[in-house]
Amino acid sequence: MSYASNPMSVDEWDQTFGRIYKELSDAGLPGIMAGHIHLPEYEKALHPERDEKDFLPASLNKTLLTELLRDKLGYNGAIVTDASHMVAMTGSMPRREMVPTAIEAGCDLFLFFNDPDEDFQWMKEGYENGLLSDDRLHDALRRTLGLKAKLGLNTFEGRREDIMRSKEEALSLINTEDSKAVVREVADKAITLVKDEQKDLFPITPQRYKRILLVPVQGLSGGFGAMIAGNKPKAYDYLKKMLEARGHEVSIWENTEERIMKLPESERAAAIANVYAQKQPISKLTKAYDLIINVSDVNSGGTIQRTVWPASKGTPDIPFYVHEVPTLFISVQNPFDLADVPQVGTYINTYDGMEVTMDELVKKLAGESDFKGVSSVDAFCGLSDTRIWRNSSY
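FYI, the numbering for the sequence shown is 1 to 394, going by UniProt numbering.
These are calculated hints, taken from the structure and not from any lab test. Please note that a few of the clues may not be correct.
[Stated by the list, open to error] No farther apart than 20 Å at their CA atoms in a straight line, the calculated lysine to aspartate or glutamate pairs in the DMTMM-like style are these:
id	residue 1	residue 2
1	284	249
2	189	355
3	234	244
4	62	139
5	210	244
6	234	352
7	210	249
8	234	254
Please read all numbers here as calculations on a predicted model, not as lab measurements.
Please build the complete structure, drawing on both the sequences and the hints.
This is the structure:
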């Protein structure tokens, strides 16, 4: 892994991210976090004599933090590093150099110790050997103390209540009726009907589609995102509950891998050997279900955000049946899933799988609310096959 590289030209960056940073600076923003991000075109423009292999991420880059952010954009607040244990930072130089270099580059606060005694010693060594200058050290101290004063921390005498709300008061400000209304409004306006080529799929009502099969679609399991998510209900669980409340009969498909892994060891080998004997008459699907909804919840916290198809041969896991039974594909995380299912005629991005978002989605499926979302990315992924669809009569 390495730090991310922003490929924008100087003009592109000035008109987008640069404009945002400038307006925030002019508004008196008190603090900015320097990411471990490379901005090569800007650094080339400011220092054409430099070799690109010597460029550093912003958290260690004096050109980006001092010359660009402070001098050109006029930012006068404090700068804090992004997490100092991230590979994008540690992969740039030894920590002994990295600790003082971050401050010399323009950061005022260093985020996260690795070991307090060791990091303090390396910061001190960097100051003593000239890697961290006296002027930059004192400037960082002034800005840090100034930030504390702006927040009122300079009057703190050890009582938590002097600077923080009580737990009860703080919790009373979370999940208020006003904030919940905003969340619902955002969900309503965000859900995007990306591809709508099937004739007359909507509205989805019990009168038109009594029996619905929900097919969970996943990416690689595990990772930080999965750890944060824990065991909370899945988007398809919410959909099942909401659709059943409207009068639909809803089943959730269990993929072959999950089913086999639950078998006793003595039965598993035979089941694996039988994987490629799962083909069945198409009529078994068409007679059992009026509509199939694939619900993709690809782990957004993972390093690989791609659909992973389970071992399947003729089972509903992969939507091979788009011309056999009405089929809807919904992605609740990754907005680029259409690249893996270009064959589907109807595709929706919801951007999250929260209960309130699924509630707004169901209203739209039923024709009670319009699809208002406009895709801010190319959900067709620049591919021609994602736009193709040939209508059939089922």
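- [ ] Please work out if residue 234 and residue 254 have their alpha carbons no farther apart than 20 Å.
- [x] Holds, at roughly 14 Å.
Open item on the list: Against the 20 Å threshold, does the CA-CA distance of residue 62 and residue 139 hold or violate the hint?
Closed with: 14 Å, holds
Open item on the list: Just to be careful, I want the Cα atoms of residue 284 and residue 249 compared with a cutoff of 20 Å; is the pair within it?
Closed with: Holds, at about 17 Å.
Open item on the list: Holds or violated: residue 234 and residue 244, Cα atoms, limit 20 Å.
Closed with: 16 Å, holds
- [ ] Take a quick look at whether residue 189 and residue 355 sit within 20 Å of each other, Cα to Cα.
- [x] Status holds; Cα separation ~15 Å.
- [ ] With a cut-off of 20 Å on the C-alpha distance, tell me whether residue 210 and residue 249 pass.
- [x] Within the cut-off at roughly 6 Å; holds.
TODO: Assess, step by step, whether the Cα of residue 210 is no farther than 20 Å from the Cα of residue 244, and give holds or violated.
DONE: 10 Å, holds
- [ ] For the pair we were handed, residue 234 and residue 352, check the Cα-Cα distance against 20 Å.
- [x] 11 Å, holds
Violated hints for the displayed structure: none, as all numbered hints are satisfied.
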